Structure formats: C-alpha cells, structure tokens
Amino acid sequence: MRTTFAFPVAALLVLSPMQPAGAQVRVTAMVGVTGSSSLVNDQLVQAIEAKPGLAPTFLLSASLPVGAKLRASLDLGYGSSTVELTEDGLVTENFGTLGTFTASAALVGKILSRLDWRLSLGLLQYMPSEDTGIFADGVPAAALFGAGLDWRQPLSDRWTGVAGIRYDFHLFTTPALEAAGFSGSQQVSRLGFALGAAWELP
Amino acid sequence: MRFRAALPLLTLVATALACSEATSPDRVPNYEWRLVVDADTLSFHWPVNDLPVRIWVEDSLDMPSRISEGIASWRAAYLYGEYDAVVVADSTTADMIVRVRTAPAKAIATVGRLHTLFAGCEGATDIDTVATRFQLQLPVRMYLAPRYDPAQVDLTECFRVTARHELGHSLGLFRHTSDTLDIMYGQPEAAGLSQRDINTAQIVAHWPANMIPTR
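So the sequences go chain by chain: A and B. The opening position of the first sequence corresponds to residue 1 in my numbering, with each subsequent residue numbered one higher. The opening position of the second sequence corresponds to residue 1001 in my numbering, with each subsequent residue numbered one higher.
Any given hint might turn out to be false.
[What the hints assert, rightly or not] Some chain B residues judged to face chain A by a derived CB distance under 8 Å, without partners named:
#1 V1048
#2 L1079
#3 G1081
In case anyone wonders, no lab produced these hints; they're calculated from the structure. Quantities reported herein were computed from a predicted structural model and do not represent experimental measurements. Cβ atoms here follow ideal geometry from the backbone N, Cα and C, with glycine treated the same way.
Let's have the full structure, built from the sequences with the hints guiding it.
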C-alpha cells in the first residue's frame, strides 16, 4: 500500500505534455525546518511516543511549464533530526538521528500572481543513524502525498525570492515493528516552512 | 485540465492512506519477574542514563564472546534503545563482573542468588539489594562455570544459553519461569528468547523501578 499508488500518479504528473521549446526551466533552492507527528504510538505500561524533532531541511526543485498556468516540478528534499522518546508526556531519551530523504513529482499552479499552489506525489526514505530498535531491520520507502504554497517575490529578471510552506503525509512502519506485533501503519503528517530563491534558466 | 484528470487518483490515494491505523501489541503472554524479599516486591531496570552497561568478563573459555552474543540477543528484544551493554577491559569501573568459576558461598545476607543448572554448565547471578532493599549494589556479580572438563566436551552452546539466561537476570528478570521455551526457565534449554521473554523484558524496562543502582 505504501508505494502502490505513488508511481502511477507520479508518472501521470511527470508525463504531462511538455511546453514547446523556449519554455523556461526554473530551479529553486530552499532551506527551512520541518516538524513531524509521531512515528510510533505505543502502550507499554504507559503511553510511549517516538517522534522526530524539528529537522533542518534542504529543498531543491526544478520545474518546467506544462500549460498556460501549470508547471511540472521534480523535487528533492533532505532533513535530519533526533528521534525523541516520550513516556507519559516526558521526553526520556533521544535515540539517534534520523535523516529523511524525499523525492517527488509535483504540479504547480497559480492562485495569485505571486502565490503558487503545489500538489506532489513521491517517495520518502528514512535513514536512521543506528540500525537498532524500531529501525533494526531497516525502513522501507513510503509513498508521500504532499501539498504546499509558495510566495514568490521577484528580485530581478531571473531571480525570485521564495517563501514556502509544505505539508505532506505518509504511512510509517518497519519490519521490526511488524515483528513486534504492531499491525497497520502509523499515519505521519509533516509540516515545514522554508525560505530560498528561484532562478529562471535562460 | 490535466490537474482535473489527476484529482480522482489523488483523492483515492489520500483516502487509502487515511484508512490505515496502527495498533500496538499488548505484550501478552508475559510472566512475573519481580523479586520478593520479605514483604517487598522489587523491580529493576537499568536507567537510560546508565547505558551502556559496562561488563567485565574473565577471558576464559571464550566467555567474552558468549557474553557479547547474549548482549546482542537482549538488545534486539527492545524497540526503543532501553538496553545496551559493552564488554570493557577495566573491571574497576564495570557495572557487572562475570567470572568463569563456580559461585562462591554467599557472604552477605542481602544477596539474592539466582542459580541456573544446565546440562554441561552452571550459572549464578547475585542480586545484592543492600540493607535498604531498594538498591542494587554494583557491580552485579555473575558466575559461569563448566560442570565437565571443557577439554572433553564442547560447552559452547551450553555457555551461550546460560550467559543469555544470566544476563536476563541482570536486566531485572529476577524470577525463573515454568515454561521450557523461555530463556528464563530455571534449567534453560531454549536456543533464543521466547516471545514471553521479549514481552516481559519490554514491560520491565518501562515498569517503575523501585531499585536504584548504587556503588
């Protein structure tokens, strides 16, 4: 289920008919922070929650016009944070750092002249620093559904300042959690804010 | 237009994702682990700040390897990094001392000895609760010894099982079970940890401890 729907929809987005030659490629780089809901909720004597801390995040995207008001974009993201274990509401320990890599295809359109919407589908891969506990047997890639808004402030002919918010959603489970008797997957929502700049290629 | 075409698929994805719901396991079956001394019921787990537990192991009969294997199997029983241990070279700062010899006669009244008899070897772990009953005197002392001449009989598996069992005591599993499939069975035969062992170890690690390690 995690990746079943991602590929056909991502392919649909990417394979949309391209604009003829002369279309401008726009490259955007952004830096920000991403917060996440919990990866694991457990009831082990008391309520236990494993949750990534705020993650510094780097975003890179390249987009092309695919219609009068639409652009298709390929997005990459990377963030890293600690994983906090909370027991009965108190943070008891941090167990390692968790890198998060995302790759997605997005459609971007206009709401206002300087405000863009975006919808994306892709994959998210967690990269824990230690292969122990819930990460003992690895972490499979998860399908990622995302949405966001970008405010674009022109700085020059080719440069634009960008401020964006991103929301995405995926399901989290690991072989270790499944072996421990967890059923289903945890619904994980992430919300991020980023600032950066976009450059229109000649 | 293209976006409109994709919208039903996007809705389908969002709906399918939203239908998933994680459910945590109930850690059943498990067994009683607490040490009863007089009227006190004692529970212990290593404080997170004390990890990794430092274990000094007498370098005899390849016992450091057996202990390392035991550490690895118990570490794998936990989901949230509740236990970790390392074999250290300095016995003076160790939290546990593992000797390759038969346990000496108990010299202190506050020591509870958990003794294990295997076919070819034996083990014992001393739990010294100190006079207050609510402390665990460090280092915890563990004894592993052959019952036959190790030059004549291969005791590798025997020591592997016994080391794993005795390490279980050091994690707070202070009782022997009545199920032969458990590593904490009094005369353990199981090659690995049972689901009952794993469930109980996880519960112990989060149960409020009323014993504090002390030196």
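Each hint tested on the structure:
no.: 1; hint: V1048; result: 5 Å, holds
no.: 2; hint: L1079; result: 5 Å, holds
no.: 3; hint: G1081; result: 4 Å, holds
The earlier numbered hints are all upheld by this structure, with none contradicted.
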